[in-house]
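Trainee: Could you put together the complete structure from these sequences and hints?
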Amino acid sequence: MKKTDEKEGEKENLFLDTTLRPSRWEDYIGQSNIKRNLQILLTAAKERSHPPEHILFYGPPGLGKTTLAHLISKEMNAQMKVTSGPAIEKIGDLASILTNLSAGDILFIDEIHRLNKTIEEVLYPAMESGSLDIIIGKGPSARTIQLELPPFTLIGATTRIAMISSPLRSRFSGGIFKLEFYTNDEIKKIITRSSKILGIELENSASEEIAKRSRYTPRTANYFLKRCRDFAQVNKTDLTKESVNEALKLLGIDTVGLSPSDRDILHAIINKFSGGPVGLNTLAAALSEEQATIEEFNEPYLIQLGFLDRTPRGRTVTVSGYEHLGLTPPAKMNTLL
Numbered sequence: 000m001k002k003t004d005e006k007e008g009e010k011e012n013l014f015l016d017t018t019l020r021p022s023r024w025e026d027y028i029g030q031s032n033i034k035r036n037l038q039i040l041l042t043a044a045k046e047r048s049h050p051p052e053h054i055l056f057y058g059p060p061g062l063g064k065t066t067l068a069h070l071i072s073k074e075m076n077a078q079m080k081v082t083s084g085p086a087i088e089k090i091g092d093l094a095s096i097l098t099n100l101s102a103g104d105i106l107f108i109d110e111i112h113r114l115n116k117t118i119e120e121v122l123y124p125a126m127e128s129g130s131l132d133i134i135i136g137k138g139p140s141a142r143t144i145q146l147e148l149p150p151f152t153l154i155g156a157t158t159r160i161a162m163i164s165s166p167l168r169s170r171f172s173g174g175i176f177k178l179e180f181y182t183n184d185e186i187k188k189i190i191t192r193s194s195k196i197l198g199i200e201l202e203n204s205a206s207e208e209i210a211k212r213s214r215y216t217p218r219t220a221n222y223f224l225k226r227c228r229d230f231a232q233v234n235k236t237d238l239t240k241e242s243v244n245e246a247l248k249l250l251g252i253d254t255v256g257l258s259p260s261d262r263d264i265l266h267a268i269i270n271k272f273s274g275g276p277v278g279l280n281t282l283a284a285a286l287s288e289e290q291a292t293i294e295e296f297n298e299p300y301l302i303q304l305g306f307l308d309r310t311p312r313g314r315t316v317t318v319s320g321y322e323h324l325g326l327t328p329p330a331k332m333n334t335l336l
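To convert, note that position 262 of the sequence shown is 261 in numbering that gives the first Met the number 0; the numbers rise steadily by one, no gaps.
None of these hints come from the bench; they were simulated from the model. Positions of the beta carbon are idealized from the N, C-alpha and C atoms, including for glycine. Do not rely on the hints blindly, as some may be mistaken.
Within a straight-line C-alpha distance of at most 20 Å, the following computed SDA-like cross-link-like pairs (lysine to any residue) qualify [as the list claims (entries may be wrong)]:
id, residue 1, residue 2
1, Lys116, Asp92
2, Lys248, Phe230
3, Lys45, Trp24
4, Lys116, Leu167
5, Lys225, Ser204
6, Lys188, Ile28
7, Lys177, Pro60
8, Lys177, Arg192
9, Lys177, Asp109
10, Lys188, Arg20
11, Lys89, Leu131
Beta-carbon label-pair distances, calculated as ranges [said to hold, decoys possible]:
id, residue 1, residue 2, range
12, Arg23, Ser101, 18 to 28 Å
13, Ser172, Pro311, 58 to 68 Å
14, Met162, Thr191, 30 to 40 Å
Mentor: So this is what it looks like as structure tokens:
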């Protein structure tokens, strides 16, 4: 019975995430400059009756890269095949995907920076000239077969653009777009829209409270909204500012959106390394945490808030970071101000 409940919960979360994803450009809030550029690109492609050129989106997780890919697919009335960098393990995997595309299809590769370099090299001619070179056999008897591919659009998404090789980046001729963090007003609009879809009655002050703790990220905002809904449902209360505060406090989220892991990083640097500087390797070891998690999830928001500084010698906690934790910064820091 427990396993059945867990599966049902997973299905519900998947359904909710799909339901909350905007299906029209008008419903996609924020990233206005990217939307304008894409609408010009897509309109021009439709007028030429040709698939759009290859596009790359990059930025922190949860900002809407996948959603933009789905919107492009709907705008072009095209089928979209979805995969990810780690899922394509062999050249044969990529060949299978590419040869099953139809004319005008969109291939979306999430976490494209994790593609194997050998696979990348096979992808170059597919993106550039629409051909796939396959080597059959080994040694002197090996021969190359060139397969013609139908015209398609590759949309890549990554959280770490620096890990994508220069030759691959240069082949995204449709544009390379960086998604920015959202403003609190934009996040509030997203929460209001999501609450209407989920049938949740939400006070204005409650949506403001969720928005200011959502790390400027829509995915986090929707997650908090669903958890606050659960809290209000179980406790038979309305979604007010007070109930939202209680629900988020239960999750360990403080007044500016820091999670327990964010605070652990600040405390570790202060208590174990005298406020820093400390290298990422050492910090990750001290916290028993993955370096990538600290660098990709925690650090961007801590730096955005001005609580953490990344210097050539390592990470240091700022005066604002000390003050947020209710600690007194060392005297030497005050003399530098």
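Trainee: So, for every hint listed, does it hold in this structure?
Mentor: Hint by hint, here is what the structure shows:
1. Lys116 x Asp92: holds (14 Å)
2. Lys248 x Phe230: holds (11 Å)
3. Lys45 x Trp24: holds (16 Å)
4. Lys116 x Leu167: holds (10 Å)
5. Lys225 x Ser204: holds (17 Å)
6. Lys188 x Ile28: holds (7 Å)
7. Lys177 x Pro60: Holds, because 12 Å separates the two Cα atoms, which is no more than 20 Å.
8. Lys177 x Arg192: Distance ~24 Å between lysine 177 and arginine 192 Cα, so the pair is violated.
9. Lys177 x Asp109: holds (15 Å)
10. Lys188 x Arg20: At roughly 14 Å apart (the allowed maximum being 20 Å), arginine 20 and lysine 188 satisfy the hint.
11. Lys89 x Leu131: holds (14 Å)
12. Arg23 x Ser101: 18 to 28 Å: holds (25 Å)
13. Ser172 x Pro311: 58 to 68 Å: With Cβ atoms ~35 Å apart, the hint is violated.
14. Met162 x Thr191: 30 to 40 Å: Roughly 36 Å apart at Cβ, these two residues keep to the hinted range, so it holds.
Hints 8 and 13 from the earlier list are contradicted by this structure; the remaining hints agree with it.
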